[in-house]
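A.B. asks: Given the coordinates of chain C, assemble chain U onto it according to the supplied hints.
Top line first, the protein sequences correspond to chains C and U.
Counting from 132, one number per residue, gives the positions in the first sequence under this note's numbering.
Counting from 132, one number per residue, gives the positions in the second sequence under this note's numbering.
Because identical chains cannot be distinguished in the list, a pair is counted as satisfied if it fits within a single copy or across any two copies.
Dumping the calculated DSS-like pairs for lysine-lysine here, alpha-carbon to alpha-carbon at most 27 Å: (1) Lys344 - Lys460; (2) Lys460 - Lys346; (3) Lys523 - Lys241; (4) Lys523 - Lys195; (5) Lys429 - Lys460; (6) Lys164 - Lys183; (7) Lys460 - Lys500; (8) Lys344 - Lys457; (9) Lys523 - Lys457; (10) Lys429 - Lys457.
These are computed hints drawn from the structure, not numbers from a lab.
Protein chains: 2
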Amino acid sequence: MPDTTPRIANLSDHVGQTVTVRGWVTHVRSSGKVAFAVIRDGTGVMQAVFVKTQLPPEVWERFKELTLETSVYVTGEVRAEPRAPGGFEMGVVGLAIFGSSPLDYPIQPKEHGIDFLLDHRHFWLRSNRQRAIFSVRNEIEQSIHDFFYERGFLRIDTPILTAAIGERSGLFSTEYFEEGNAYLAQTGQLYGEAAAAAFGKIYTFGPTFRAEKSKTRRHLTEFWMIEPEVAWNDSADNMRLQEDFISYIVQRCLERRGAELRELERDIAPLERVKAPFHRVNYTDAVAVIQDKGSETKWGDDLGAEDESLLVADYDRPVFVMNYPKEAKAFYMKENPEDPRTVLCDDCLAPEGYGEIIGGSQREDDYDKLLRRIHEEALPVDAYGWYLDLRKYGTFVHSGFGLGLERTVAWICGLPHIREASAFPRMMHRLRP
Amino acid sequence: MPDTTPRIANLSDHVGQTVTVRGWVTHVRSSGKVAFAVIRDGTGVMQAVFVKTQLPPEVWERFKELTLETSVYVTGEVRAEPRAPGGFEMGVVGLAIFGSSPLDYPIQPKEHGIDFLLDHRHFWLRSNRQRAIFSVRNEIEQSIHDFFYERGFLRIDTPILTAAIGERSGLFSTEYFEEGNAYLAQTGQLYGEAAAAAFGKIYTFGPTFRAEKSKTRRHLTEFWMIEPEVAWNDSADNMRLQEDFISYIVQRCLERRGAELRELERDIAPLERVKAPFHRVNYTDAVAVIQDKGSETKWGDDLGAEDESLLVADYDRPVFVMNYPKEAKAFYMKENPEDPRTVLCDDCLAPEGYGEIIGGSQREDDYDKLLRRIHEEALPVDAYGWYLDLRKYGTFVHSGFGLGLERTVAWICGLPHIREASAFPRMMHRLRP
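Pulled out of the complex, with its shape left as it was, chain C reads as follows (with noise of 0.2 Å):
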């Protein structure tokens, strides 16, 4: 593509040369005699040196009237200076203002509240960690659809809009024309399965929504998930696509994401432990090992987020907790043949107490039993008819899982509260901007 605009990312391509530069003044200071202005453009800072001796005065002069967030026009000549922030930096001949930013721009050089930021959140992305925190998101995206790319999945998109289905609770819904209510999908899962029997291997990617009251660190009311189904992959074989899954997408950011993990001072150390195997351990028996350390869960129980913290901390590398019991877990996942109060699933743990990254499991593929567990969860049969058709017309062994893709970003990032993962993150009190 012809870019007629040098971005600061690319001015190792322009050292020597007389350019100009478009962006935003984040930093001012001046000596008297030799003055610095830091401007970003959100691919990088480069630091702007006006001298006054060489520049006419009416330069010098506009100078002055740099405040933050001014936008401007530079034009001088590119050098490298590693003492400069970015690395470069431009003896400036000519300067421009094109908008002016009043006195009173929100976000100063100063701590500013949570609700604040987030109240502008549009001026807050412009911060260094915000935008170290949105390129490691964009490399884990990216290598997501490398990774299923490069192995044949297909990647389908699922509706957003659906009639009665899914797990029930925390829904959106709206009014569709004449159909009655239409409900935003929690999960692209079930719609997933009949992609894999007619397409093998499939993965989604796209937003769900949970309308529930939680007030965590580790809740969005919107959030996006990427959810494989592949046909006949069984538990086992979807625990190894799951640990080949993560292991990529960490390498991957250590590989090419190394500047801005250490904007966000991230200690990569247990990053790069992540490969697989990961650890496995079954439901039972990680009941018995928090029971040791204290917790009060009790055989049946789902795991919660101490529980899982209490776990991992035996394990340098992400562990997989298989095997819980029916109660604990939806109704479409395959019943253990070995101990059918169980199923055949698994949680995935990230390190370090970040908690469940992923939930996946191999699915029910006997009719009967699948229509006993609609049944038993008093689901609204009619709307699972299509979903009941796959095990009625040449039923098929398969697995697939989810993962939560700003729990995933905070988790490499280092995030202590999921909402910095998400550009614009919706929680309970919190829509706007």
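C.D. replies: Only chain U this time, still in chain C's reference frame:
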């Protein structure tokens, strides 16, 4: 990834070996002593050959149980066979039936009506035609990610749930806790503009929604849009980006999805001509051309589908129609300094009558003009506070566009109706499956 299950797409790696393939029966025929079953596993099709004299009697008998979409494990030696569907066949030594398929399997080898097929979309996807469409869709999607990744754009996932912003008619709404109504996004663009100021070059890739009672062959209520936004690009830069982008996608499909385009009987000659530069015509000139051809459209009207077809008939490549009248376009488009009755925008029309696939524009960067337009359109000014902020503090030249994914798939695949471009299409009367 260690894939323990050979897939039909990879049979070329197994010629001469005895393997087990798992899949579904799509066709059977028998001559009394030799029988054939075509097996589909989602990655391809393979012919399985049963020779009575070389098989245990129970395997030969079991063949008779094979009905359409029975799922099976077939074991045998793989051989190349150019005359067989898919290019390979298997000399069967073993057959196990995993899931039987009753004789009333809904989709039979005969003509079915479109409503019936859409009611059984979960099975319809299994056809060769649908597999070809979704292979092309997958290629388009991956090529979009690759295009932007290679050029240093950051992908930003903008929110689906929004407070009252964006275009106003045709909104789906849902209750959002104590925050009042949330609306499903019709575009991510406004958020994309904030992100472009933070990150320079960004794109969105997500579902968008229109609650419109439209029943044309070009409208869905839920569809995916790709919306790049670039700081410091003007309208001319924006069109150059669009033509590079579209050319990249089309050429990539031609390079890598030739087999699928043949399956779809797509004439690829018009696609081979899709290379930059595209044709450019001003709106005012376009109206004169179509009026000459009999259209009753007057200056000031938006162009309808028929007008677009009249116009593109003169051209061998996509056409940009530029600089529409202000009243025909959205409030955020930048006033054209050379003719303030118009705005700096473009629609990109696909060849062969497939119509508009892109709408793009330079964005209004003047605070006062934008505020005036918000008032003129009676939009809620409060909800646009953060969007106006982008013009108040260091405003910037910027441009972007939105590509409709399903329209692009329909065009490249040569589909007469957009519904086939979506795995589970959503239309006014269609919310299931």
